[in-house]
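Asker: Given only the sequences and the hints, what does the whole structure look like? Please build it.
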Amino acid sequence: MIPNDIKITDEMVADHGLKPDEYQRILELIGREPSFTELGIFSAMWNEHCSYKSSKLWLKTLPTESECVLIGPGENAGAVDIGDNQAIIFKMESHNHPSFIEPYQGAATGVGGILRDVFTMGARPIGALNALFFGAPDYDKNRHLISGVVAGVGGYGNCFGVPTVGGSVNFHKRYEGNNLVNAMAIGLADADKIFLSPAKGVGRPVVYLGAKTGRDGIHGASMASAEFADDADEKRPTVQVGDPFTEKCLLEACLELMKTGAVIAIQDMGAAGLTCSAVEMGASGSLGIKLDLNKVPCREERMSPYEMMLSESQERMLMVLDPEKEAEAEAIFIKWGLDFAIVGETTDDLRFSIWHDDEEVANLPIKELGDEAPEYDRPWTVPPKQPELTDVPAPGDLTEAILQVVGSPDNCSKRWVWEQYDHLIQSNTAQIPGGDAAVVRIDGTNKAIATCADVTPRYVEADPMEGGKQAVAECWRNLTAVGADPLAITDNLNFGNPERPEIMGTFVHAIKGIGEACRALNFPVVSGNVSLYNETKGKGILPTPTIGGVGLLPNIDQMATLAFKTGGDAIILIGGHGTHMGQSSYLRDTQGREEGPPPPVDLTLEKKHGDFVRTMIRSDETTAVHDISDGGLVMALTDMALASNLGAKIQIPSDIDAHISLFAEDQARYVITCKPGKTSEFIRNAETAGVPATRIGTVTPSALNIEGHVTISLNMLKTAHEDWLPNYMAEA
Amino acid sequence: MKAMIKVTLKNGVLDPQGKAIMGSLNSLGFEGYDNVRQGKYFELDIDADNKAAAQAKVKDMCEKLLANTVIENYEIEIAG
Amino acid sequence: MKAMIKVTLKNGVLDPQGKAIMGSLNSLGFEGYDNVRQGKYFELDIDADNKAAAQAKVKDMCEKLLANTVIENYEIEIAG
Amino acid sequence: MKTTIIQFPGLNRESDMIMALEKVSGAKVKTVWHTETSLPDTDLVVIPGGFSYGDYLRCGAIAARSPVMKAIIDHANKGGKVLGVCNGFQILVETGMLRGALMRNANLKFVCKRVVLSVENDSTFFTSKMTKGDKVACPVAHHDGNYFVDKETLKRLEGDGQIVFRYADGTNPNGSLNDIAGICNAKGNVIGMMPHPENMIEPLHGKIDCRPLFESIAA
Ligand SMILES: Nc1ncnc2c1ncn2[C@@H]1O[C@H](COP(=O)(O)OP(=O)(O)O)[C@@H](O)[C@H]1O
Ligand SMILES: [Mg+2]
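Residue numbers (the numbering used here), protein chains in the order written: chain A, 1 to 732; chain B, 1 to 80; chain C, 1 to 80; chain D, 1 to 219.
Bear in mind the hints are in silico, worked out from the structure with no lab data behind them.
Being a predicted model, the structure only gives us computed values, none of them experimental.
Any given hint might turn out to be false.
[As the list claims (entries may be wrong)] In silico DSS-like pairs for lysine-lysine, Cα to Cα no more than 27 Å straight-line:
id: 1; chain 1: B; residue 1: Lys51; chain 2: B; residue 2: Lys64
id: 2; chain 1: B; residue 1: Lys51; chain 2: C; residue 2: Lys64
id: 3; chain 1: A; residue 1: Lys141; chain 2: B; residue 2: Lys64
Answerer: Here you go:
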């Protein structure tokens, strides 16, 4: 055990991820050399993960307010109002590096962490999503990573009892050695009973609840912010193991306790565990916190104060309780078999004071620990624009090209993944994975929540600003396509090393794009997470700002789905035929080219077209709805056909090359179907709204027929779309 | 030859199963025991010229598949 | 004292995990092995006056909880 | 019918089950915490799905040894009805109230999907509103549903009509012996099944095929 009063060396400072000038700042702030425990506390509070030192400046530019926002960024999760005194609380968070080191446990604890963020606020989780990014299919570690991550996401969520209803899976060379696991959770709470972290009242008990503290993930938070070196395989940090059973008990205990009125403030122990949670509770409540570490329930012997303060053991909560309700609280903790202890009290001196064996091992100014964390305006460069594409050759065989696109790793069905997730538990799942957005009914009402997670990293790479806009627009569009009013988003910004100006430039522009789209679509950011330093061997990942959206369906009977319903229904294209082929799936999947600018996003059109589609859904004018994204029109038609086992007969314009109109990825577009007799009325409605709507075909009993070009059987489409992933995972 | 392999969690790694088992043993009235840890156990038949060769082969299997060496240790025994 | 317990599936009981492991070992290129069976392994500290008493106590734990004697066998070893 | 749901820590489909029982069978549902040693006046005891005690050690093993199980065994011995779904089935098997064992799914993966069940025995309290050979859509969601039993017992179960549900149309999701999805005891008053009929009872679930099962309870 390293003694607390050890002399702090430059090397120790560096080992703690603190730069010399940051250490200088610490010395000035406290006027003396820190103790070893204090150094640990600073390193935890001031690392990128907790302090957002590189991103804060830019995050502040995002819009965070609208009529429905109850709580914006800053708390454990954001909250939106869905009427009837009900609130939806949601957030997304990454667990990237831990999932590379130990895929199962890394992913599992990622899910556990985000669920805790949501139920800390008094919400019962009603849905979970996961956005996963892996290396190219030929990467030798891929199957190990995919099977572990998927089993881990499922293993935790299934046991905990939350339906995992949506997500995404993407493959790209640039995630090799640095796969991404972004987990999102959505909870339901009474709008007037949301629990927050600021402590209130002096001399009140600070209570520790949940699992015992072990030496798990010590330096985990620092690990999450340290660039991976090539020898990452050799590093064997203490991996955190998830215990979803304890988490489920913790959930029930917390919700039961909250009903008693005993909880004054509550904060989950996430990254940097006890340190971050205690500082957050004290600082935000303008109170000091005094902790006696001898009271902390420990799993291992002889844990040092340093270790206890930095442990990232999972399934733990910290709260300030009303002393008069202590007995009631205790009964609940015992009922659920959880460890608990009064580990400290609130004070009026604004100090963070840590005691162990009757010795004060740390005494720091609590507010400054957070407020005085460094904040950087990192230098950035303007990302270069990609030259326009000049040649997009037609495929030798159009059928072959279609099968390649609908069956490519990114576009293929992710059934192999989501069938490992319990997506039905709680009995409220109205749309299972496979649609544009998942839909979950609000228990006991006729309302429902729609949710999805989106980003197209190759677009962001090619043009960070347009790509950032596109991620938000696609999310908004997916919610719209099921008939929901998009309410708000959570964002998970996964980028490389911000100390590289070109990467910082990507980050800055993606945020600008996200902000612009959020403003235009009245779709504010209520929570989020930043994960930087995602790179291996000096090469960053594709910039990946994952957008998790939530929308409200006031009446679940007016939900739209993408499956064709009846032969003879008219197929209508909203938003016109596309021509944009830059960064398209077609280019990538049939020609191995990732070139050109991504499709530009016209937010005015996006809003206009989406609002029109939603209005039509609400007035029962549509029978099926699907947005157009990766893979273009033909991908959308394939999804609709395969979901229904019905086919389509499609006419495409003669003045555009077939492969262009089928594969273009222009934005703000949808495919809808309506009863044949309602077609002209529908088109008239669109004209009135100023929305391009063209009848492009008819639903048929079988096969996808692009008139004058190809007819592909549903079976062939299905084999291409459904078989790629299971076959890939079955190979050695 | 027969190989027997014990796979156990490394020291300090949380063992939720062991914890749950202790709870159950307690409520069944057992006393005077502690530190229950759950691991895995494998048996397999192996062809090899000698024990050392068998040992080496099984070690390779452990490293590549049977144990998750990030969080687990393993112990191999080869029997005639 | 320390008790070590191996719990294995009875003969004739299907072992999906063992089977799946064989599949993986094959595809990793391993050869010359057979009959992979997966079981459980437990370790615990136990207070007892002597080995026999410890053995009896652990046997009781196995019968009552640690093994499902419908499908599993167990083997106990007491050390130190 | 007076119905009691047993609650163990880690179970998580109790609200689904209560919803189905109340919505379809009209049963009044009481809940009993696992530490109780007696049951309220009840006709039917339901043990719902989930991960009691995290399914640590073996699925259902720890719950099977908790105090309330003695009362449930007494209830069954007196002819009282017991239904175990998913983890509930695993718990019943672990207590020995039902024969066999539920092993890890053959492909070792958790599986959540819709399967087709065929009703093999239409004279139980849970299938009386159905006819032998009826096929119903029903979801499964489990990691350990691979039913196994020794050959002689299997023959007996098959011969005595103790197979209540089978996976049909090639939808066996877990490698279960003889496609067994649900069984009952010799007297027919204790039923265990892996699938989740409680998740297929209203239009929101896509189909309502499993309503008749819950209607059987009301009958
Ligand atoms: N990891 C995952 N977990 C759950 N569902 C997933 C996952 N990956 C993909 N899906 C589901 O598969 C469907 C198709 O995904 P995607 O192609 O990303 O949809 P879209 O293009 O509409 O955004 C969606 O319903 C999505 O929720
Ligand atoms: Mg979509």
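Asker: Checking one constraint from the list: CA of Lys141/A to CA of Lys64/B, max 27 Å. Satisfied?
Answerer: Given pair Lys141/A, Lys64/B holds - Cα atoms ~12 Å apart, limit 27 Å.
Asker: Take a quick look at whether Lys51/B and Lys64/C sit within 27 Å of each other, Cα to Cα.
Answerer: The hint is violated at about 37 Å.
Asker: Are the Cα positions of Lys51/B and Lys64/B separated by 27 Å at most?
Answerer: holds (20 Å)
The structure shown violates just one earlier hint, number 2.
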